[in-house]
Structures are given as structure tokens and as C-alpha cells.
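**Q** Sequence:
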Amino acid sequence: MRGHHHHHHVAWHFSALLLSLQLGELKAEPCNELTQNVLTSVGCPSRCASTPCVLYSPSQKECIELGASGPCYNESDYEVPGSATECDLTYQCLDTLLWDGNQWLLALEANANTDEKTMAHVTQIAQLSYSPSTLSVQVQGSPSESIDKSVVKNISLDQSFFDTPSGVVSMFLISVNLRNVLSTVSLATTYSTLFLTNTNLNQIPEQLGTFSAITKLDLSLNYISELPDSTNGVWSGLGTVTDLNLAGNTLTEFPVVLNNLQTLNLSGNAYTSVPDNVYTMAESGALRYLSMVGCNLSNVQVSDSQLALLQNLAAFDADVTITECGSGYSATKLSNAEVQVCAASTSSSSSGGGGQTLAIVLGVGCSVFVLAIIAFVWYRKKHGRAFSTKGGSTVFGTDMGSSLTGGDTTFGSSIWDDPDLLAVRVEHRDVEAIKLLSRGGFGEVWLGLYMNENVAIKRLLSDKKTMQDALAFATEIKVMARLEHPKIVHFIGVSWTNALTIQAVTEFMDCGDLKSLLDSSRASSLTWANLKCQIAIDIADALVYLHTLNPKLIHRDLKSRNVLIDAQSGAKLSDFGISRNRSFDETMTAGVGTARWIAPEVILGGHYTEFADIYSFGVVLSELDTCKAPFYDATNTNGGKMQDVTILQLVSAGKLQPSFNESCPSSIVRLARACLSFDPAQRPSAIHISYELRKIMKDEL
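Using the numbering used here, the first residue of the sequence shown is number 61, and each one after it goes up by one.
What the hints contain is simulated information worked out from the structure, not anything from laboratory work. Don't take every hint at face value.
[Unchecked claim] No farther apart than 27 Å at their CA atoms in a straight line, the calculated lysine-lysine pairs in the DSSO-like style are these:
1) Lys688 - Lys547
2) Lys547 - Lys495
3) Lys758 - Lys547
4) Lys758 - Lys575
5) Lys575 - Lys715
6) Lys209 - Lys495
7) Lys755 - Lys715
8) Lys715 - Lys547
9) Lys612 - Lys525
10) Lys688 - Lys575
11) Lys701 - Lys575
12) Lys758 - Lys393
13) Lys547 - Lys575
[Unchecked claim] DEER-style ranges, computed between Cβ atoms:
14) Gly227 - Ser405: 51 to 59 Å
15) Lys209 - Gly714: 50 to 58 Å
16) Gly699 - Gln120: 14 to 22 Å
17) Ala583 - Lys525: 35 to 43 Å
18) Asp523 - Ser745: 36 to 44 Å
C-beta: ideal position from N, C-alpha, C; glycine also.
Using the sequences and the hints, build the whole thing.
**A** Structure (C-alpha cells):
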């Protein structure tokens, strides 16, 4: 009996405890003394050991578990440093701030890439310590990879954030408000790369005058309306800069000469002419790349010597409107760029109207996309890394398949001793993948870096990594390596650590593929007169080259997805995946919708020639015209959308062709219909097409 009573007694104690918990007597208050979400290395709960933590304020955005950031924890008896009261704290241990072991990265907002990044709603960084292995530091405030000038995060940064370890060579601050922050701190003077992109600055920070080794400085997307004059101390720290990006400010002058400057981006400012000091830097020979897209450049008058300097640049990216050149001047197209200026009339090469470039028609679009990505690239110091060039023999045999033995899956005897591949091999570790651009039936394409240049990297899909796929891809790479033409995507090299990691490195085309362009909102600004005809000419020129090689090369997979676009260099042909050895069945199942570009004789499985490419070219002309997928308007007898199988049957019987708009120039429709002839012998050659299109462009458009 007595034991029973005792049991009751315990139960009563327990329920009293529960009751008091509900009444909140024992529950700590939230940590209201914390007014900011602080990232710090001081006062972190013991669970975080030696890594920095975020202490969350009850009055700020709450902790979220996203991507690499790890769990949100609670501690009910936390003591805020300097206070005696215990409170209920939410916190995170950010042990993932170091990316790849040496890149310190914090995103302040969720975005598409956050699953790989450390993201936390931090509003203050105080008393932070870094790992000594850190080489670069980045804080990114914008939610998306493309930078939006209207999105800037407020964050309070103390000196500890800027006291980076001596090994740190790169600092990236993107879309955070630094207007009143930088004047109160001192910066390390040894950075070689500094990005203060979209940081609400209205002047160049004075501290840059103390820098000693900076080569790449990005102050784009700020509110800087004037630069200090050339005697200002800030310039003494910037004499080493080779790459300066001031795009997206409101500048009208360029008051200084920087002797080592090679690349200058002044796009999106308020310039009305090319500043005198830019000519001076071009004259000294250092300045090679100049961008002035989206400035107010109109009727720009240049002297003979200035014209020569502009034409001597490796690239001049600009849009100049010409309405009236004034007496003594005439409109002249530069030899190195699709840009017209008003040149003194003594200049010999004066021409009338001129074609517009993609960069002009599409606005700054494409280049800005890259600019935004580059901001997220962590340049590594590539000390003393050797890279192999295209040395050795690059003479390719006529039989591309000769060095591939059919069932051979060993390393030794087939492809990895292949002299053609070894001749174009580059160092695998020098090729750095940055961002996945696309994934197709067989492989994926990444934007990457090689020798500090943007490149495209093409790899096998992880589930396609069989030896057979690797050998087929290697054959494709050998085809690419043979080709050298301005309208075929430039092949840079191949790298591998073993057979299955083989990857091709090619030039990066900054506007993506033609299909995406035609699908996008920009398509409405494209006309046959301004760009469509030029894109068609570019593709035709690539076919002329392929079809006149010895032995001739049939592309076999020409479609809008395989035409890549670059704001500078126009359209180029890519993807030689089946120009050799993929069977028709594989082709049919490989890419979704490849079927709609295939010539009737190929569908019927018979013998075919290069005129199969000409048929596909006719289909691409219909896409250029309608900005829609081929046969988009084909319907069944019951009015439903026609399926690929039916389209194939009708095309192979000569009963269906892609359609064109009423507004399409009749000469283009005539040429396209000839290309789409059922009988291959009736189709024009690539040389004929190239000639016809140029004639149409000159006489009619």
C-alpha cells in the first residue's frame, strides 16, 4: 500500500513540472539582446567547436537549413557575450564556408546554386576568424546568378571580415551595400582580384590606393558618376591592373592612363565618345579589349590615327548609332568589329549602311550574362602549371576510325596512345568547370575556365560512362580537332585522367544555341534584314567547309540546337557527335525531336550524301523564319497535334514540308523549298546557297 502511495507522489511532482513548463517559468526568453543575425567566431555554442557560427536574432529572418549550410540548432540556456541572462538561441555552425578547401563563400539569399553553397540570412559579420588555408573570400547578396542592380543586401561588416589571411588573393563582394562600410575599414593590400560588384558605391574606394598587386578590378553595376583625376592617390595602387570593369555606372570621362591595362569594360555608362585616354592606352599597345556597349555613342567622329587605333584592338565591342556624320566625315565600318564610326573623309575605306551585330540587336544581353558568371568564378593562382599545347603531329589520317579497335576496352592499345589525341591534349587540372549549361541525351556542357579564358567543356553523362561511349566520344573529338573554320566552334583541346573522364574543351559561345534564342523573348527583335540572313549565311559557310573537305564530312545532325551564337562572332556550327559513327537508330533515340530535321532518304534508311545536310538546312531556315519548332502547325485529320512518327512517315513519302510565314521574303522561301526537295539531286549545294543568300542580303534586305 505504501509503495503505491509513493508512486502517486512522484507522478504529482512530474505533472507539476509539466505545468510549470507550460506556464513558462522555466522556459528561457528568446535572445532579444541579439538584434542582428551575426556570423562570428566568438561566443559560438560548444557544438560548433572551432568553426564560425550564425547567432540568429528573434527580430531578423530566421534560420533555414538550405544546401550546404547544415542544421539549425537550439540552445535554451545561451549567454549572450557580455550579458548574464540566459536566453533561448537559434544558431547554425557554418563548417562549410570553405569550398574546395580554400574558397570561403557565403550567400545571403537562396538561389539556384545554393545547394552547393553555404547560405544564411546574415545581417552582420563580427569578430570572424578565417582558416589559414583560405585563398579567396566571397559574399553574395543577390538571389540569382544574374546580377540585378535593384537587389542589394544590407550587411554590417567589421574589420575582422576584411582581415583576411595573407594567402587570400581574391575578394568578391557582390550585391551587398558597401556605400558606408568601406570608409570605416582598411583592406588587405595584396589582393590580385577584387570584385565590388553591385555594391551601391558612388565613388572608387580610396583604400585602393594602397594596393600593390591587383590585376583584376571589377566595380561594375554601381553608381559611380565620376572618377578621381589622374593625380589622385587612388591611382597609385591601380597601376598594376590589367582588367578593369566599370560597366553599368554613370561615367562620362576616363581621366587617367593605366599603363598595364589590357581589358577595359565601360559598357552601360553615359559616354558620348571614346575618351582620349583610351586612345592613349591603345597607342601604348597595352590595351587590347574595349567594351562600350549601351553607352550613348552616336555619330562618333574619329581622326585617321584614332581610326587606326580602334582597328588595331583585338576586340572593340560597341554600338554606335549614326544619323549624320557632319561635313568632312563619312560612316565607316571598322575592319575588326561590326561597328560604324564617322571617320575623317580622307580615310579610304568608307562604306554606306552596314549590317548590325548580334550584340546590337540583342542589346548587351549575352555579354552581361557572362559578366555575371565571371563574378562567381574563383580564379585560382595557377603557379607554374605546365600546359601542353598543340605540339606534335596534327596531321589527321583520312580514316577517322582507324585507331579505334572495335571491342577493345583496355587502356593501352587504342585511344590513349592515339597520336592525334595526344597532340591536342591539355592538362586536366587546368580545366575548371564552373556552371552546368545544358544536359543532353549523351553528354553535358559546362561553362569553365582554361588559361583564364571562358571555355565550354563537353563531358559524358555519368550514366553514359561506358568504354564504348568514351571511344565514340573520342572519335567525335578527333573530328572536332581536325576542323578549323571561323564558322565552326573552335576546338581548344582534350583532357582526361582516365578513359571515362575524357572531356573536350572548346570556345564558349556567350548567347547559347539558336533554338534557345528563337524561343526567347529576344526573338521578336530578329528580322531577316538585321540578323536572320546573316545567321543563315554563317551556317551555309560552315557547310561549304565541311562538304569540300577531303574526304568530305557530312554533319548528319544539323538543327537549331547545334548552331551556337556569340555576340561577337555570330553563328557557328557545333556537335559532330554523329558525323561519323553513330547508327541511325541511336540518332533517332538520342535527341528528343532530332527526327524533324532528318531528310527523307535518311528516314528511309538508304544511302545518303551531303545533300542530307542541305535538307536539314532548309528546316533550319523555316525555324529562323517562324521562330518556332519545325512542323509546329502540323495537325492530324482530327485537329490534334501531329506526332513525330506521323511526321516522319509523311516526310519520307514527300507529303509534308515545314511552313513559312507570309511575311518571309519570297527569295528566302524559294531557296528553302529547293533545299527541302524530296529528290536530293534537286537540292542546291552549300556553295550555291552561300552565294544566293549573300546576293539576297545585298540586293533585297
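**Q** Next pair to validate is lysine 755 with lysine 715; report whether the Cα-Cα distance is within 27 Å.
**A** violated (31 Å)
**Q** Taking the Cβ atom of glycine 227 and the Cβ atom of serine 405, is their distance within the range 51 to 59 Å?
**A** Taking Cβ atoms as reference, glycine 227 and serine 405 lie about 57 Å apart, which means the hint holds.
**Q** Does the structure keep lysine 612 and lysine 525 at a Cα separation of 27 Å or less?
**A** violated (30 Å)
**Q** Given the hinted pair lysine 547 and lysine 495, is their Cα-Cα distance within 27 Å?
**A** Holds - the C-alpha atoms of lysine 495 and lysine 547 are around 25 Å apart, at most 27 Å.
**Q** Quick one, are lysine 715 and lysine 547 close enough, alpha carbons at most 27 Å?
**A** violated (33 Å)
**Q** Please test the hint of 14 to 22 Å on the beta carbon pair from glycine 699 and glutamine 120.
**A** Once the Cβ atoms are compared, 57 Å apart, the range 14 to 22 Å for glutamine 120 and glycine 699 is violated.
**Q** Just to be careful, I want the Cα atoms of lysine 758 and lysine 393 compared with a cutoff of 27 Å; is the pair within it?
**A** holds (16 Å)
**Q** Below or equal to 27 Å on CA atoms is what counts here, so check lysine 758 against lysine 547.
**A** Between lysine 758 and lysine 547 the Cα gap is close to 20 Å, so the pair holds against 27 Å.
**Q** Using the beta carbons of alanine 583 and lysine 525, state whether their distance is inside 35 to 43 Å or not.
**A** holds (36 Å)
**Q** For the pair supplied as a hint, lysine 688 and lysine 575, confirm whether the alpha-carbon distance does not exceed 27 Å.
**A** holds (9 Å)
**Q** Within 36 to 44 Å or not, the Cβ separation of aspartate 523 and serine 745?
**A** holds (41 Å)
**Q** Measure nothing beyond the straight line between the CA atoms of lysine 758 and lysine 575; if it is 27 Å or shorter, mark the hint as holding.
**A** holds (26 Å)
Hints 7, 8, 9 and 16, counting from the list given before, are not met by this structure.
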